[in-house]
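Participant: Sequence:
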Amino acid sequence: SCVDGFATVTWNPSSGATSYRASATTQNGTAALSCTTKTTGCQIMGLKCGAKYTVHVFALAGGCESVAETTAVFQTVPCTPTNVTADAGCSTDSLSVSWSYSSGALMYFATVEGSDGTQHACVARDTQCQITALECGQSYTVYVTATNLKCNSSRSSTVTVKTAPCDPQNIVARLDCITSIAIVYWDPSPGAESYTVMADGSNDHVISCNTPNTTCQLNELDCGQLYNVTVLAQDSKCSSTPINSASVQTVPCVPDNLTVQMQCATNSALLSWDQSNRSLEYFVSASGSDGEKLSCISQEPGCTIDGLTCGTIYSFTVTASNGVCNSSFSVPVIAGAVPCPAESVALSLLLLVDAVQEAKVGWSAVQCAGVEYSVEMHGLIEDDPQAQFILTSYWTRATYFFFPVPCSSTYNVTVTSRNSAGIGYPSPPVQGLAVPCPPKGVTFYTEGTSQVISWNASVHAMEYVVYSSKAQRTELCRTSHFSCTVPKKQNDTIEVTAVNSAGESEPSVEILVQDTNLKRRRRDLTEDTGTYEDYTSPFPTLAQL
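Following full-length UniProt numbering, the residues of the sequence shown are numbered contiguously, the last one being 545.
Keep in mind that the hints were calculated from the coordinates and are not lab data.
Note that CB positions come from ideal geometry on N, CA and C, so glycine has one too.
Treat each hint with caution, since some may be false.
[Stated by the list, open to error] Here are the computed lysine to any residue pairs in the SDA-like style, where the Cα-Cα straight-line distance is at most 20 Å:
no., residue 1, residue 2
1, Lys48, Gly5
2, Lys162, Ser236
3, Lys38, Ala61
4, Lys237, Pro188
5, Lys293, Ser272
[Stated by the list, open to error] Pair by pair, the computed Cβ-Cβ distance ranges are:
no., residue 1, residue 2, range
6, Arg473, Ile423, 42 to 52 Å
7, Ala346, Gln299, 42 to 52 Å
8, Ile423, Ala457, 34 to 44 Å
9, Ile423, Ser315, 11 to 21 Å
Generate coordinates for the entire structure from the input sequences, incorporating the hints supplied.
Facilitator: The structure is reproduced here in structure tokens:
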């Protein structure tokens with residue numbers, strides 16, 4: 001019997017027998033069992049599982065027992081498998097089952113039953129097998145039976161095993177543009193006890209959060225990045241395989257290095273800034289000190305704002321957008337719509353008056369309200385690096401200014417304009433040249449009926465003129481050299497001037513020509529009776545001014 005563990009033995013009647021005895025012996029001759037009966041059949045009880053028995057039947061009569069000439073052989077039910085173990089590892093759809101050898105077994109059946117009643121099995125001749133096609137995140141009951149192809153053993157004791165949690169489904173990630181926090185949602189995952197959310201940024205920045213719930217917040221995300229978000233379902237032993245994912249784009253970074261170039265000629269501002277990663281467009285605003293609001297929109301890191309009001313101070317900011325969120329505003333750049341540089345700057349030199357030459361600087365008015373101008377002159381006297389000068393005017397609304405200029409000097413002039421918005425750029429420099437200083441070192445000597453007048457060079461002079469100045473000033477000669485021969489004339493006074501494109505210098509110190517003596521004196525321009533050396537200052541004196 002495959003169920004009750006006993007064997008029923010039957011035989012044909014034996015002549016002369018009054019009773020019978022059936023005996024079952026294992027192959028090694030031990031564990032003999034028997035039954036006695038007056039009929040032609042009996043049941044042998046207490047058989048061992050998984051054993052092979054040989055049965056002998058003896059006929060009995062009058063104290064004598066026949067010889068067992070025929071036998072029968074049978075196999076009992078295989079023993080129930082023991083030491084059953086099941087391990088799913090961290091697999092979501094399979095597990096392996098193992099057990100100890102069962103006596104009398106030719107094959108084994110390993111069966112798993114799910115909580116929903118579904119069954120899966122595997123057949124093995126060995127003591128282990130693999131069961132597949134299971135569901136993730138499920139708890140399974142596992143048992144094993146042995147068979148000898150005729151009878152099956154009873155079920156082994158059961159073990160319980162769980163497959164790995166299922167991968168979470170329907171992952172959604174949403175970003176709060178104000179807080180820059182990403183909130184991640186997903187459906188509950190069978191078999192999960194907790195969840196880990198991983199966000200991997202395009203800059204390799206990784207951030208995570210853990211929760212027993214189906215929502216989690218991701219803080220401290222980097223700006224201007226695209227994060228790939230995955231959710232792992234976990235139990236006490238395993239995690240799911242990340243198959244599904246979502247993505248979230250963070251708030252754009254604040255544009256850096258905003259620069260503003262004011263274009264006074266067009267009343268506009270040219271702005272530029274650094275590219276903000278993953279930004280689609282930029283919004284630039286200009287807020288005027290008078291409440292005026294101007295703006296421009298660009299898909300590139302630069303744009304032009306037109307319509308600025310000259311004299312107004314503006315605060316410029318830029319923000320980046322990715323089509324969903326806007327960045328914070330950049331650090332404001334303050335710039336004023338200052339006047340353009342003055343145009344048509346021109347120099348005109350006036351004649352020497354009392355040894356002073358003035359340069360008139362003129363320019364055209366800048367078209368802007370409330371403009372003032374300042375003129376600056378940088379010069380070099382007699383090409384001497386140690387004799388530089390700077391002259392600066394006060395701020396004026398006039399479109400001209402006069403400067404006294406030193407003789408033998410070169411200089412350049414710039415005009416700067418300003419208004420309530422600030423000081424503009426200076427105009428391009430205009431070059432100028434002053435009249436030469438009077439020649440120095442004037443001497444003479446007599447050669448027969450002529451007199452040779454000589455002098456030292458005057459810086460920036462192109463030619464020289466020698467005058468007789470005793471009675472009526474008369475030009476005696478004009479030359480580009482440093483000496484000149486004139487007719488001899490007793491008791492005459494001689495003076496020399498230097499000439500260039502700016503005009504004629506003051507005359508040199510007069511010399512009195514006598515028979516053989518040379519007397520030298522300085523022209524008394526100040527009516528001072530003192531005695532002076534042979535020196536002429538390039539700057540006018542206070543009395544001359």
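Participant: Which numbered hints turn out to be false for this structure?
Facilitator: Going through the list in order, the structure violates no hint and respects every one.
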